[in-house]
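Enquirer: Chain residues, written in single-letter form:
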Amino acid sequence: MRRIVIAAVAVIAGLLVCLSMLLPSPWLGRVSDMLLEGTLILAAFALLLGLLNILRTHTRAVFQGPRRGQSILLIVALLLTLAIGLLFPQSAANAWVFDHVYLPIQASLGALLAFVALQAAYRAFRLRTVDAAILLVSSLIMLFLQIPATAALWPRLGSVRDWMLAVPVAAGVRGLLLGIALGTMATALRILLAVDRPYTGEE
Amino acid sequence: MTPLVPLLSGNTEPIALIVILILGALMALFTLRARGGGRMALRPLRAFERLSELCSQATESAATVFATLGSSAPEGGSLASAQAALMLLRFVGRNIAHTGRPVRATTCDSGLLPAAQGTLTRAERADGLRHPRTGSHISFAGPEPLGMAVEAECAMADDAPLANLLIGDLGAEALMLTETHPGVIHCAGSDDPADGALLQIAGDETVIGEDVLSGGAYLDRPSHMGSLVAQDALRAVLIVAILVGVVAASIGLWG
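Sequences listed follow chains E and S, in order.
Numbering of the first sequence is given in our numbering, commencing with residue 1 and proceeding in unit increments.
Numbering of the second sequence is given in our numbering, commencing with residue 204 and proceeding in unit increments.
The hints are all genuine.
Quick look at which bits of chain E chain S covers, simulated, 3 or more residues with Cβ under 8 Å: (1) 39-47; (2) 55-67; (3) 101-111; (4) 115-123; (5) 187-199.
Since the hints were derived computationally from the structure, they do not count as laboratory data.
The beta-carbon is built from N, C-alpha and C at its ideal position, and this holds for glycine as well.
Bound-form chain E, shown alone:
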């Protein structure tokens, strides 16, 4: 019985939101807005759950895991940042944490991604498969067309690049997006028709 009620609520809510996008009805629009706001509130609570999960995982790691120091540092930093954010939300200390701790760390790790991407590309091109060859040739062509020096060599290369982006690249991406849209619609329909019931846990 519990599962039927959950499935019914999920199906009705999903159908109402879907219909509000397809049929011009103010009543449906209001109901849909209310349901979507509810989703955002639930997402906020899920973030709180995530916070508790981080604390639980790393508290356990302090006693059992091989990276105790890192887990202690994470818990201390998390609680300290949380305390500053809750007690002094508009303070300079709160901004300092983001500007001088969070952003530099994120930027440093982000900078590593360029090297990692290059390494991945090198590895892929060494595989000497047809896919890798196509990827290599198309990457080199686009790279060649994108750099400003090529425009200086031959001004018409700019229009070649624009044509490549507007016709073959756009056609490929649109074909991919068309398939994804159909797959997404099929997934949504399976959930709306209760064929898949991820919310009840039934297989």
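Use these hints to put chain S onto chain E, whose structure you have.
Expert: Below, chain S without anything else, positioned relative to chain E:
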């Protein structure tokens, strides 16, 4: 010029409704046919075949499988890919739970966290575990994919998994995992075209586009077969419609 079809003159909602209804009808038709024993052929997708092999390999070698789950809607990603991620997680969880080294996972999506915990717990229960872990082996690594990549990197260094599933909207951060753990078999999938291009070069086995969403039909959900065939049928109809539109626009009948 008068439009060929008046409906196409501006308002697109009726077309969307018609497409959804047609897809729904085709799904029902093909699902009934599949249940009735009708033959439906699927083109082979190496990544899903490999996933089944990896589960067997993990069972034989008592190795674990790691899962890195990207973000879903409403946190910026696709809800369909999140559903696909849960489907794959359930399949792997169910197949390797009895090894004693069940799936470990990390996610940057707090909304996906409880769903993944529930999915794995049920998968372990279905595999005969009396005391399934209640989601303690799935961790949230903060809302940034970069943080998730770092946490996954540490977890993989500790656990030395046989394989790593990279599913969902992960961004370039996925490359960090594939390049720092080249000995691990990385099975990657994303329905985001930009992510797909990166995963294509980084993953050992990759599924991109709508193939990610078809995992259920390939692995252990025959009920998804009907919807997959319906998608293909509707795709053929849309291709014909596009070609007709191009011809009509070219000869001045429309547009």
